[in-house]
Every structure is written in structure tokens, then in C-alpha cells.
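J.: Once you have looked at the hints, place chain B on chain A.
Residues per chain, in single letters:
There are 2 protein chains.
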Amino acid sequence: MKKYKILFQPYNKEIEAKEGTTLIRAAMESQIHINASCGGEGVCGKCRVIIEKGKVDDGISEQLDAEDINKGIRLACRIKIKDKLCVRIPIESEIDAKILNTDFGKRKNAKIKEENFEILKKRGGFIKPVEKKYVEIPPPNAQDNIPDISRLINHLKTEYGETEPELSVLKEAPDILRETDFKVTVSMIKPVRKKRKTKIVKIQPGNTESENYGIAIDIGTTTIYLQIIDLNTGNVLAQYGDFNRQISYGEDVISRIVFAEKGGLNKLSEVVLATINKLIKKAIKKANISEENITVVTIAGNTVMTHLLLQLNPRYIRRSPYVPAATILPPFKATQIGIELKDYTTALIYPGVSSYVGGDIIAGVMGAGMYLAEELTLFIDIGTNAEIVIGNKEWFACAACSAGPAFEGGGIKFGMRAAKGAIENFSVNPATFEPMILTIGDVKPKGICGSGLITIIAEMFLAKIINGRGKFDKTLNTKRIRENNGIHEYVLAWADQTQINKDITLTEIDIENLIRAKGAIYSGAMTLLNEVGLSVSDLDRIIIAGGFGSFIDLEKATIIGLLPEIDTEKVTFIGNGSLLGAKICSLNNNIRKDVVKVTKMMTNFELSETVSYMDNYTAALFLPHTDINLFPNLKKKMAKPKKKQT
Amino acid sequence: MKKYKILFQPYNKEIEAKEGTTLIRAAMESQIHINASCGGEGVCGKCRVIIEKGKVDDGISEQLDAEDINKGIRLACRIKIKDKLCVRIPIESEIDAKILNTDFGKRKNAKIKEENFEILKKRGGFIKPVEKKYVEIPPPNAQDNIPDISRLINHLKTEYGETEPELSVLKEAPDILRETDFKVTVSMIKPVRKKRKTKIVKIQPGNTESENYGIAIDIGTTTIYLQIIDLNTGNVLAQYGDFNRQISYGEDVISRIVFAEKGGLNKLSEVVLATINKLIKKAIKKANISEENITVVTIAGNTVMTHLLLQLNPRYIRRSPYVPAATILPPFKATQIGIELKDYTTALIYPGVSSYVGGDIIAGVMGAGMYLAEELTLFIDIGTNAEIVIGNKEWFACAACSAGPAFEGGGIKFGMRAAKGAIENFSVNPATFEPMILTIGDVKPKGICGSGLITIIAEMFLAKIINGRGKFDKTLNTKRIRENNGIHEYVLAWADQTQINKDITLTEIDIENLIRAKGAIYSGAMTLLNEVGLSVSDLDRIIIAGGFGSFIDLEKATIIGLLPEIDTEKVTFIGNGSLLGAKICSLNNNIRKDVVKVTKMMTNFELSETVSYMDNYTAALFLPHTDINLFPNLKKKMAKPKKKQT
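Chains as they are written, first to last, in numbering that gives the first Met the number 0: chain A, 0 to 645; chain B, 0 to 645.
Looking at chain A on its own, in the form it has when it is part of the complex:
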């Protein structure tokens, strides 16, 4: 079969591709990222590329307008390779991981960090999953020549009971023991239950007790974060994040399952591991520690991410009755699941509850200490899927609802993730209807991120540019509101003020998508509260988790009806709850034991099977809600006359 050379710009990376392969697949196989929300099915219109050289027959679709087409823009998923090409990936298709490595979650985080130590203290302090113990063993002699390993096991018996060595320890023991005059540090995996065997996984010369490190990893659908933790002090020595490279194969969990079903399971596992392994290497370097002394990796992710990581069949997760392969997972060797650390490093994976309430949520619940608290808490992790947990140390109920990708830029004409150039703050002059926009990184705008979208819509609603149904007031005297191909939109930034040389607009379809997303979450939380016989006023706390959640302006979120009106003092943002929970588990084996207890305490509600959910959802498809009395403060505010800005 014939092959053609394809040069990708701006990376200047040349690959070879078989004739007839789609351009997007060729890019994927060479690890070149092009946005694609629909897994390459040709419906999302995100995979725009500019064909700078070479012949293509196809690549045109209704998602492209005449201007796009004139500029040479095509959809990569529609192009079958039949010529040598030079392809440019436009700026809005790139992803920028830099934003992930800024400390975005500062707000109110300090408080939770103190609470972490409270949680640890309550569960006995630092009780590492893998314990290091320095021992000085009497050497053998003619009267006492039992095998080296028996000697070691006998020495440990009083303190650790029966221990069992790994094969690698059997191999290295004789020389290490003799080289160090039988003074070594033994690394042992402690079982969470007594009666189970403690495993000896490593022996090191001399005393290395003070060097015992863990890695906490949060595998999100969109982003991956990890931290290196000193397990003796709880200190974070390094933290890195990056986009989950699986994005190239679909933006949400459903499109990834679809890709996995088509034979892509191994590929998805491979790319997420590539990201994790790259981050681990960076973090080890930054933390300036030896890989030798990393004893444990704790991973939290949603159920689909966990399945894809472990190459578990995710097929039945997206089909009624939504059954995952497994949510409670045994400990693995890190290498067994493809993580490039030493063979004796243990990998612990957070258990989940169901197909849509996964280990990331349980990790958040653990990290926030909800399971130790008296207070009745509503925990919401906001993302493409929103997960909701209600409860306290006595009981838990949970549910998941599909918010859709609006908060992450999906289904929004100029939507993008929170990255440089994303509009994140907005206000509008109530007289002239002219906007003031601020972007992440203070550069020319490229698009709108999720938190920006909430703010824009909230501000426009308050300014009555948008009504409760999410429609523009077409009577207003402004050029910014216009009709474009039959769809009304508001021009946030004119083409010459943008990075993309196009007008950046907010359309009524965008608003509709946002209302659906916020409606799903609000009604999910209300349905779950109702199901357990409670209401908003019973709540002592709301905890908002999720990278996206950290950016939300609480007031604006209430205005659009994403969150109920509640005393802001009762609301806590914990940022990445999944990462926090992974960290907490690395530090305390009792909490690891608690985790399984918590997953077993959880009553999972399938909202799609809950009768009242659809009614609640429909009622929430309004700004802020069809029943404005649920938002009394807002009602009062809206009743006031508009102030004129001078």
C-alpha cells in the first residue's frame, strides 16, 4: 500500500501515513494532538486543520463556513490521505498544559489542608501503606545457619507477625545482607486487615527509613494531576498536571468507551500511561528524590478512567443497566498496570461505587473528611459529568448526572478549556451593553471557558440582556446582538481584537447548552435531597470539588441556578478532591480501610431510573429556575431597577 509523507505544523513533525487513512487517525497514531470531541465521527466540527500544501478531496462539512473553506480550513476526520501534505493545526485546536501547573486552587484551600491533618490525626497519624523498617540482624554461624530469608522473617516476627517475601527480595537478599553486615532497611506492604500477610517487597542497604515517598495521581477525563508526597511528613515535594492525552480519542467518557469498543482499549490505556509516566519522571526530578524510595502510588479516577487505565472492558458501563466490570480493586504492582516505577512499588486504586460514581468522588469524600463529620454535607464535583454525594459519618447517598461538556467548552461555539486566552471574567455596561472581558493570562481572547461562560450569562441575565428562557432581548440598541445564519448571538470580541481573527460570540444555542448543563446538576442535587427526605435548608455544608469548580464564582453560579442559594460561609471549595483523597490514602492505611467501608455505605441512585428527576430537570431549565421563590435573594435583586453606568 502506498504511503505519503505528512508534515504537521507548527510542530514541524513529519510522519508517514498509508493511503486512505483519515488525517485525524494518522495524527493520532503519531501522537499529534488535534481537538476532536466526537472521537473522529465527523460531527463535532472541532478537528479543524489548514491544508497548506497537497491535494485533498474532502474535509468540507456544514460545520465550516465559506470563509473557513476559503482559508483552506478542513476537518481532519473527513480527509482521506491521497497525497503528500503539509497540514497546519490552528491555534484553537492546540492544548496548553501550562495553565494546569499554576496553583489555581488557592481559594479556601488552606482551611481544608489543616483539616487534612485533622483527618490523619483522627485515624492515627502517618500509617504508611508500605512501611520501611531498619533492622540489624545477627549474622549466621555454624550453629545457626538457617536461610537468609528465614533469618529476616524471624527477626521481624515479633513486630510484624508472619511476613512473605517477593521473589525479587529472595534474589537480592544474600548479597545485600552480607555487604551491609546484615544491617538493612526492609520495605513491607502492610495489609489493611490484620490476619493478612505483610509482604516484604524490598531490602535496601543501611537505614533508609527517612526516605519513603508516595505518588498521588488523579486521572481525570480531561486532566491528570500528580503529587509526590513525603510519607513521613505529608509534605508535597512536587506537583504536575497535564491534559489526559485520551482527549484525542473523544472528549467525554462515552466517546472514549465507543473508541474502546472499536478496538481502541489498549490505545487508550497506552496514552494515559504515557501521560502519567511523563509526569512521574518530571516530578521525581523536581522533588529530587530517588525512584528507589517511591513505595506507593495511589490513583483516583472515575470508573471509566479506571477501566481504561487497567484495560478493563468498559462496554457495559454505557448500556442499561450500566454495569462496570469492577469498582473495588485489589492492590497491584505499579509495573503490572504499566506505571514505570520500580517493580516493588505498589499501586493502590481508589474504589468506586457505580458506573458513574467512581473512585474520584470517593476520594473527594475521603479527602474532605465527610465520612468523619457530623455535619450533613452536600458534595458536588462539577464537570462533564457531575457527581453528587450527600451524607455524613452515618450514611451516604450518591448520584451522577450528565451535565454535558458545556462547562469544558463543548457544545459552545467558542467554548474552550480554561487555558491562556480563555475569557474568564466579564461584565457588561447596562447602558451601552458593551462588554468588559478578562482572559486567562491577559492576552487577546481565543474563546470562552466554563467559569467565564457562567459569569457572562449571569451578568447578561442581571443586565436583562438575556431573559429567563435564555433568549436575547432583540429590542436592545446594540450592534453586538445580531443574527447569524438564523441564530442570535452576542459579539464578545470583534475579530481584530482576538487571537483567532474571528468574532468571538455567545449564541443562544450556547446559552441553551449551559442551561441544560446547570439544570442537570441542580436538579440532580435536588432529586437526591428529596429522595433521602431532606431539603437545602437541612444542609450544614456544601463542598464543591473539581478543577473547574475552583474557578466558579459562587454568586454567579447561584444567579444562573447552578447552585442553590445558601450562606456562602457554608460553602467550601476543595479543588481537586480526587487528588486530595489519593494523597490522604497514601498517608494512612486506616483511611485506606475506611475507603472500602465508605463505598459500601453508599446508596447509589440511578437518576435515569428515578421518577422525579425528569420533572425536577425540566423545572430547572430556566434562569435561575422556573420557581424563582427558590432563589429569594436573586428575586429581591432582580426586582430593583437597573442602575445606569455613567
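Calculated from the structure, these hints are not laboratory results.
Chain copies aren't distinguished; within one or between two, either way the pair holds.
Calculated lysine-lysine pairs in the DSS-like style (CA-CA distance at most 25 angstroms, straight line):
#, residue 1, residue 2
1, LYS332, LYS198
2, LYS170, LYS261
3, LYS127, LYS284
4, LYS83, LYS54
5, LYS599, LYS156
6, LYS189, LYS332
T.: Frame of chain A, contents of chain B only:
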């Protein structure tokens, strides 16, 4: 570096070897076998080859006589390659595995087989290490959509308590469950101790409970045997044996340790695994079973064999105070230790006691049921190293002694292993001193095997051709006794009646070596008896194990003083005790638990550290013993006048 082609005959195998490599090393690296007892050190003189073409400078040593040299015979370890060669490996350097696959252990074996079933019955019958359980699980529905694995685990809970799945099971469960309407067979590794977790290692569609097979493997220093066992019935479905290819790297355990220390550990592991894996393939084919249904492999071997298999450092085994790396070993996956079976097949390795009393001996003790018996039993495994165990169900004492390789043909001028052409039976005309010889396979003789050697020397001693000191009566009128290079020898077969076209003789040095070997074993057993305050008359039973042991003529062994005089009814031959023990353990998990108990019950005596051993040994360096009163029957017999044969 220059390379030369070397053609090996009779295999017609051509290899390439670097200039300067020794010929023996080049052969080894190409898996061509040439006998070498000394690991290539140039002292044993076994690695004779005929240089048919090509120039060699060296290869001559004092082990070769003028005739050898004229014939082109050289020692392969002394030849440094500097030319293209054609090399013939002479007949006496080959090994022949055919003999291993005849049912040599028939004698009295039936009895032990019945006893095996007695042992199993006493310990609860067939309790497999890996149990297969057919289950029909109610499928999920909207009200009950817990994960597949949780569903399976919950279903098994009543019968099996908490179970933990392997990663591979998590991977395959969703599809298999649905393809079979949730009717599957679950394979579970049962822990030997309650409270430990049962592991789910495999699920198979439908009901496969009736197909559950094990492989029992005996890894001997010289030979490897294995059996495929139906774990539901105990039937042996196939049995194969072969020489341990490690022989090419040294005939005894010490020379293998030396080779391992020189960087050959991985090589030794590789070749033993190659032999095992080849035998497994053959046996699976013969038994006509599916590899899918082999759930467990049970391996018994001496401590050095176990170390080499697992690539454990054997260095300190041969150095005082003789400390092995490990003798009690955790269960492994078969694949983890290099055995080519399914990833879920478990490998159990017999625990040993010390550097020289290994898993093979414990297996023999278990297989013979000694640990369940009231009777005081002396167990001897006769080989290059002889291991001795005394005890009953209350207590055990053990010791090992180095007999040297005489019984396997080492140190005997025409010594060879029990293979086709080996003299195995002998009698002598007391008047003419002419011999009658029988060989294995009834062919022209090639050499003398161990049991043949015992018979020859016993017969000659009875005929007074040899005296108590092992010297020939030089006054006898026979051409067969002659002096050759200062050493007296008896010609067993003239050159023209042999396969090797040389006179096959028994020399006084051979006799001396045999006396040392038998003396070591006899005095070992007596020392151990003395140490525990017992004597021969206290023994209820003697059990003789070992492939070689099976060939021994009990009467002849007593005549030379290898074994004490005891009622022959009390003596049992169990053949390959190691294989028998491996089999027994595959069939019953309680016995597996007993094994560790037995190893812990054993008191190990280091004979080299036992003061009386040297005195006992010196006293035993005589035919049958310096104290003839220990052999009253023989004393009586020898007192009778010689009968003349007509």
C-alpha cells in the same frame, strides 16, 4: 573479531564461534551437549571430542593416552578455536534420555501407590490447591446493577468467604459472563491457611469443573521428571523425563554453583526451564488435555536446583556456614518463574530445610507418608549427594552427605549414567574369574552405571577377587587383572566386544571411589542415628528413594556396606520420592500445609560439624566395614568356603 564455522557431528549442526573461544564454550552456547563434569575447568577429562577436520593447537592433557591422541581425540575445554573445524562428539559423551522414560521404578512401587491413597484419605481426600467452581449467577438489572466482579464475589461469599480477583479476571469477566448468561466456572487459589484471601484467577464459560489438571515436577541435579495429574482422580495422564541440561555446565551442584557465581546463574535457569517447558509441551500433547485447564504446577528439587530455577544467589550455599537464600518459598505464578503455561497457573515450590536437605527430600518424606506414620523410619535418597531423614510423625532429624559422583559414573574410569549400554548386572566365575555382564538395552557395553558398579564390586568381593581394602588379589591366575600405568584393573570387556572399541575395566581407583561414596552414606546414616540416640535395630522401616536407588540390588548394597543389614521386608523402594511428593501436594491442600509444618519439625545436622562423623566415615572405608560384626549375615557367608563352578 574473527569467527570460524564449527560443524558438530553426529548432529550435523554448524555454528559460528569467535576466535579464541574454547570449543566447549562454543558448544554450550549453541546448546550442543558434551559431557563435562568439572564445568569446563579441564580436570575431569570427560569432554572428549574427535577433531575430524581443521587445525587445533591444544586439547591434549594427561587424561588422554597416546592411543586417544592418535585417534584425534582432544579435550574440548582445552581447545581454543583458531580454524574452521569439524568436530565429532564420541558416543560415550552423548546422553540418552530414552532410558528415563521407561517405567524403571516398578519394583514395590504398587504398594506405595496404595499408600498414597491412604495418605490422601487421612488428609481429607482430593482438596485441590486451585479449586474450580461452577456458578450460575443472577444477571444484573436496573434495581441491581452492582459491578460484575462484586456480583461474582458476593455469589461466592457464603461458600468461600472473601475472594479477590486477579487483574486478568477483571479484564475478561464482563464479556464471558454475558456470553454465557452468567454461567461460568471460577478457578480459585485456596490459601493453605484460613483467614487468608482466596484468589480468583480465572473464569471460564460453562462448567469445566471436571477438567482440573496439575503438573508435578521433580528437578534433579541430573534428571528432570514430570507428570500430568488429573486432580479430580489422582490419575497420572502422562509422564516424561529428560536429563537436566544444566549437566553441560557441571555434573554436580557445587560445579553449578561455581558456574553460577561466574555469571552463569541466568544461563542455568534458562536451560533448566528449556528442559521443563519442552517436557510440559510433550506431556500436554500425550495427555490430550487443554493447557487452559492446568491450574497448578508443583515443583520439588534440592536447594541448589531451586535456587538456580528461581535465579536465587547460590553463592553462600557452598561456603561455611552453608546458608541458602531461602528454603520456604511463597506461591508464584508459573509464568513469573519462566514456566510456559497460562498466566493464571500457580507454581508451588517444595520448601526445604537447609542448603543440603532440600525440597526433594521433604517431598520424599511427604510422598512416603513418613510424617503420618508411627513407625520409626530411615529415609535415604541416594545420589551424588545422599540425604538421610530419620523420624516419624512425632519428630524428624535430617542430614546430608556428599557421596561424590561415583554412583552416577563420576570418578569411575568407565563410569556412565544408567543408559543404554551401561553394565547393570554382573557375575563372576569363581574358578576362572571370567565375567558375565548384562547391559541396559542388551547391547554391547559402553561403560558401567552406578548399580552395576555396586554389583560388580559385591560379586568380586564375595569371589574374593577384591579384598576388604578394595584391592585386587594379584595372585589370581587371570589375564583380566592387569597393571596399566601403575594402576591395577580388571578387564570387564575386551575392546572388540564393546561399543567404544576400548577395553572396559574396573580399576582400584574406581573401587576406592565407590568405597568412599558408600562409606559416606553409611556413616552419615549411622551418625544421625547415634545423634538421636538410636541404632539400626530400632528402625521399623528403611525407605530408599531416588532414581538410582530403584536400581540397587539390596543384597549387593548390603555386601559392600552401603546399607546396614536389615530384614529385607522392612525395606521399601519408592523410586522418585521427589516426584511422588510433588504429586501428593498437587492433590491435597492440607498436605501442602503439613509440608511447612514438617520442614519446621526437622532438626538439621551438619555432618561436617558433627564430631563423630569423621570417625564413623573412616571406619566405613572398608568392604563392608572395619567392624564385620555389624554385618553378621555377611560374616557367616564369607566364612563358608568358595564353591567351585563347573
